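Build the complex from these two chains, which are given one at a time in their own frames, with help from the hints.
Chains as they are written, first to last, in my numbering: chain A, 1 to 109; chain B, 1001 to 1115.
Hints may be right or wrong, so weigh each one.
[Stated by the list, open to error] Far from chain B by the CB rule (all over 10 Å, computed), these chain A residues:
1. Ile7
2. Asn31
3. His42
4. Thr101
[Unchecked claim] Quick partial rundown of chain A residues pointing at chain B, CB under 10 Å, derived from the structure:
5. Gln6
6. Pro8
7. Ser30
8. Val44
9. Val50
10. Phe88
11. Ala90
12. Gly102
13. Ser104
Hints are computed from structural coordinates only; laboratory data are not their basis. Everything numeric in this text was worked out from a predicted model, so none of it was measured. Heads up, the beta-carbon is just placed ideally off N, CA and C, and yes, glycines get one too.
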Amino acid sequence: GQQVMQIPQYQHVQEGEDFTTYCNSSTTLSNIQWYKQRPGGHPVFLIQLVKSGEVKKQKRLTFQFGEAKKNSSLHITATQTTDVGTYFCARNTGNQFYFGTGTSLTVIP
Amino acid sequence: GAGVSQSPRYKVAKRGQDVALRCDPISGHVSLFWYQQALGQGPEFLTYFQNEAQLDKSGLPSDRFFAERPEGSVSTLKIQRTQQEDSAVYLCASSLTQGTGGRYTFGSGTRLTVV
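One chain only, chain B, in its complex shape (with noise of 0.2 Å):
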């Protein structure tokens, strides 16, 4: 597609449900990130896929959380047993190159709201 493409726009889940994001990067694009952003911040580095590869997954806030790239295109991320502090909005980013010092384009992102 023309930009990163993710869904849905908006979640609320009630807590403790699970939840599932989806992120379409950009045709051929190699480098997937994944960020959580939370009201009046700045992105906070969630995971980095090159292609299939989850090359670093540091960021990941707890083991509630997985992502996962199978096919070296589009990426989910999920989140079980969601709590009140994973509300925020969920960016996702590709990157043509391989490696990370490449020029991201953003998604447009996930708000995602646990009540």
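Isolated chain A, as found in the complex (with noise of 0.2 Å):
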């Protein structure tokens, strides 16, 4: 469908670890966005992703868009306990605007 897929559903890691999250569409995008929702909160707009082979950092977040542009990685250096939350990518569609299944990380201080 129009979703696009997201790995891991979960992740712990202990504070200082790396996290990776990854999300895969089966149709080009012609862009990606993601956000961060904290527990209780709202989506944050993070980034977004337009060309192929793209590579935008964030001081530890560093994001990557796909060379066929169907899938994105979001890494985080040396998680804080200040990055616990689900980080989503989303994308546009026509006059609809979708959003991954997300990953939901807890850092383990």
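Structure, rendered in structure tokens:
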């Protein structure tokens, strides 16, 4: 369907370990966005990727868009307890905007 | 306003009651979405407005759900004859750009509980 799949669904890491979530689509994406949702909160925009093979960094976060524009990843280096939350990729198609299934990150102090 | 404002923040409705959820997008934002988020799930697309035009309502789960944005700013999501399965957080998001490829700012949501 229209939804993009994310793996893993859940991830528990020790504080200081790295974390990666992957977003996969069966169709080519025009662009992809990433959002973070803290427990009890609402999604907050992190970044948008548009170009094939694009890599963008925000401090400890690295975002990649695949060469075929069908997948994307978010990597967090040296996780901190403030990184806790669910990370969603999201795509637009026509007049619709869909969220991925999400990866819930727990950071153990 | 500075952000997207949703009201009420919490709503408890008896089964069969009608409810109206309000979204005040950021001033000047053209695009507006409504989402439904069940506990532990991701946001599910409900409907999309570009100014006052509802361009897509394919995500509305039944004809009990109705959304409007008559003047291209404030939007209302109405649910008639609420059912227990309607219990969820309803999120509104807006974007400055026309079309669905923009950067979205979300409101804090309305948590609806149907008892």
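A quick look at each hint next to the structure:
no.: 1; hint: Ile7; result: holds, 14 Å
no.: 2; hint: Asn31; result: violated, 6 Å
no.: 3; hint: His42; result: violated, 4 Å
no.: 4; hint: Thr101; result: violated, 6 Å
no.: 5; hint: Gln6; result: holds, 9 Å
no.: 6; hint: Pro8; result: violated, 14 Å
no.: 7; hint: Ser30; result: holds, 7 Å
no.: 8; hint: Val44; result: holds, 7 Å
no.: 9; hint: Val50; result: holds, 9 Å
no.: 10; hint: Phe88; result: holds, 6 Å
no.: 11; hint: Ala90; result: holds, 8 Å
no.: 12; hint: Gly102; result: holds, 5 Å
no.: 13; hint: Ser104; result: holds, 9 Å
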